[in-house]
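Participant: Sequence:
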Amino acid sequence: MNSYVVHELEFLKELNPSQRTAVELTEGPVLVIAGPGSGKTRVLTYKVAYLIATKKASPMQIVALTFTNKAANEMKRRIVELIGVAGEAVFAGTFHAFAARVLRMFGDKVGIERNFTIYDEKDSQALIKDIIEELGYQHERVLTPSYVYERIERLKERFVTPEDTPMYEYPDREVRNIYREYNVRLQHNNALDFADLLFYAWRVLRESEVARERFSKKYILVDEYQDTNRAQYEILKVLAQKYRNITVVGDEDQSIYRWRGADIHNILDFEKDFPDAKVIRLEENYRSTKRILRVATHLISFNILRKGKQLYTTNPEGDRVKIIEAYDERDEARKVVDIVENAGRNLGDFAILYRTHFQSRTFEEELQRRGIPYVVVGGLRFYERKEVKDALAYLKVLVNPRDTVSLIRVIENPPKGIGKVTLKKLQQYAERHGNSLYGVLREVEAIPDIPARIKGHIITLYQNIERWRHLDVKPAELLDKILGESGYWEWIGDDEERIENLRELIASLREYEELEDYLRTVALFTDIDEWRSDRQKLNLMTLHSVKGLEFPIVILTGLEEGLFPHYKSLNEPEELEEERRLFYVGITRAKERVYITYAMSRRRRVCMRSRFLNELPSEEIDFEW
DNA sequence: TAAGTTCCCGTTTTT
DNA sequence: CGGGAACTTA
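Numbering of the first sequence is given in the numbering used here, commencing with residue 134 and proceeding in unit increments.
Just so you know, the hints here were simulated from the structure itself, not pulled from any lab data.
Certain hints may be false.
[Stated by the list, open to error] Capping the alpha-carbon separation at 27 Å, the derived lysine-lysine pairs in DSS-like fashion look like this:
no., residue 1, residue 2
1, K375, K189
2, K146, K442
3, K423, K455
4, K423, K440
5, K370, K405
6, K255, K203
7, K455, K670
8, K442, K724
9, K522, K203
10, K209, K375
11, K375, K411
12, K724, K670
13, K549, K607
14, K440, K701
15, K262, K701
Keep in mind it's a predicted model, so treat the numbers as computed, not measured.
Taking the hints into account, I'd like the entire structure generated from these sequences.
Facilitator: Below, the structure written as structure tokens:
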């Protein structure tokens with residue numbers, strides 16, 4: 134080994150023995166079971182650096198898949214830190230971003246056009262809502278767009294087609310009918326939903342040898358493996374087929390996305406799927422006090438679905454966990470904010486965690502009252518704001534005129550003299566003539582039953598869109614122009630916040646030369662990706678958002694039956710275990726102290742303290758009434 | 001027929 | 001508190 138390489142490998146000394154083994158075991162399948170705070174991101178980044186430094190692979194031959202953009206960016210940043218700019222060439226991204234890239238290059242192999250639109254949950258639900266009405270199901274109370282969407286996505290993630298959808302009980306048949314029509318519409322709209330991205334990418338990789346060659350990386354690394362769903366798992370299998378060098382890192386005790394299709398069995402059964410897999414456990418915790426670790430360990434031992442692990446730390450013993458009872462949610466907020474104010478620490482040292490978003494409101498009110506600065510992480514997210522979605526809809530239509538969901542949004546915002554009745558007529562006409570809604574706008578003269586005045590509005594809209602489509606300007610400039618010419622700026626008036634959001638959107642567009650690139654990226658972006666810690670602000674977020682983060686002091690709130698565990702999880706033992714894992718994730722975010730609160734009544738209803746509180750070791754706990 | 005207004009509903013977690 | 005349905009106005 135020459136001295137250059139030896140120097141490059143100095144960083145290995147920063148790893149403990151098991152971390153180092155995980156890094157140095159480069160060939161064959163490796164499962165790393167990584168407890169909270171055990172340095173799993175470190176293992177992943179160092180492994181990438183190691184592969185490159187030892188010349189086992191070029192950056193191009195490595196793919197690192199993560200669950201969030203934030204994790205991906207963080208990984209990339211640390212790789213570059215270790216080995217320099219060469220690290221930029223490593224693909225580090227989410228499964229969905231990876232899939233979108235595969236489809237951009239090879240989508241035509243499975244009939245996907247280059248300019249496809251990605252539908253987010255809301256877009257998809259708008260489509261589903263339409264279908265429900267058309268099929269006459271709008272009075273079936275259970276068949277809400279969100280319910281149906283969820284059912285369909287779960288089916289898609291397991292590659293179940295409408296035809297193969299089983300029909301056991303009541304709404305199955307209806308769901309199947311909607312599912313069938315939903316797929317047809319997506320195709321007409323030249324659009325893919327989240328599950329489609331994974332499904333079609335999988336098909337491309339299976340069916341096209343060229344694509345498989347291009348994307349079969351020599352080394353595959355997967356973060357948060359416990360949260361992968363079936364489709365993601367199948368993609369991994371195809372990718373790993375050739376070289377079989379796959380390292381997955383995860384913790385079954387932190388699997389909290391079952392409701393979104395994550396299959397904990399992917400990690401529990403990894404050794405069955407890859408019989409020659411080496412298993413490494415990272416059990417030394419560098420984050421929390423001994424006390425916190427004991428409490429967390431005791432709690433999670435109530436779960437059955439796990440591999441089990443022995444966490445330990447050389448950190449100090451630490452303070453006992455404090456449980457605080459409140460009268461109601463407002464009293465809870467007061468007591469929580471009291472803790473924060475009296476601790477004499479930076480506000481950024483605290484995280485207030487809750488099960489559901491709506492709980493943030495009471496805390497926000499209290500904080501505003503006392504003039505304490507705070508951030509709500511992942512509340513109503515930037516890209517889900519109405520004005521942002523509207524603006525993006527204009528851009529989407531320009532790239533993909535068949536995207537009817539976006540086109541309708543354009544028609545409605547701001548209002549253009551084309552109302553519900555006319556819209557229905559246009560849609561029906563489109564349906565009958567096998568044309569897209571956009572195609573019909575062009576031929577509006579030929580449609581009967583539409584007043585001339587309204588036809589005028591339609592023609593104006595059509596001409597505007599055509600003009601915008603053929604403008605040869607950069608994306609940011611284009612959007613600015615559209616917002617002006619469509620009357621959007623006027624429409625929102627002096628709503629400062631909306632204006633600011635749109636300005637921000639235009640600013641984010643400036644980094645892009647190509648509208649298509651931008652739209653594909655933006656569809657897979659969320660707010661948490663943007664969040665940066667601020668020492669002077671108190672952090673408020675859900676337990677799901679907090680995964681992967683750590684804070685000196687963590688306050689877990691709303692420990693009440695029906696809220697946490699959430700009432701929807703009470704019937705299924707597996708779902709109850711997931712709630713417990715969520716609690717576990719929350720506790721293990723804390724470095725120094727944990728506070729837990731519950732209210733005796735919430736929203737004027739009496740409630741019972743959470744069963745999870747009885748699962749904490751009483752000798753580690755202080756109660757306060 | 002479009003668009004503005006009011007009122008009532010519910011609110012898990014999110015790539 | 002925002003979104004949507006139902007109602008009102010033009």
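Participant: Next step is simple, just say for each hint if it's right about the structure.
Facilitator: Hint check results:
1. K375 x K189: Status holds; Cα separation ~16 Å.
2. K146 x K442: Answer holds: K146 to K442 is near 25 Å, not above 27 Å.
3. K423 x K455: 15 Å, holds
4. K423 x K440: 21 Å, holds
5. K370 x K405: 13 Å, holds
6. K255 x K203: Between K255 and K203 the Cα gap is close to 22 Å, so the pair holds against 27 Å.
7. K455 x K670: 23 Å, holds
8. K442 x K724: 20 Å, holds
9. K522 x K203: 22 Å, holds
10. K209 x K375: 25 Å, holds
11. K375 x K411: The hint holds at about 18 Å.
12. K724 x K670: OK: K724 and K670 at ~18 Å, within 27 Å.
13. K549 x K607: OK: K549 and K607 at ~26 Å, within 27 Å.
14. K440 x K701: 26 Å, holds
15. K262 x K701: Status holds; Cα separation ~23 Å.
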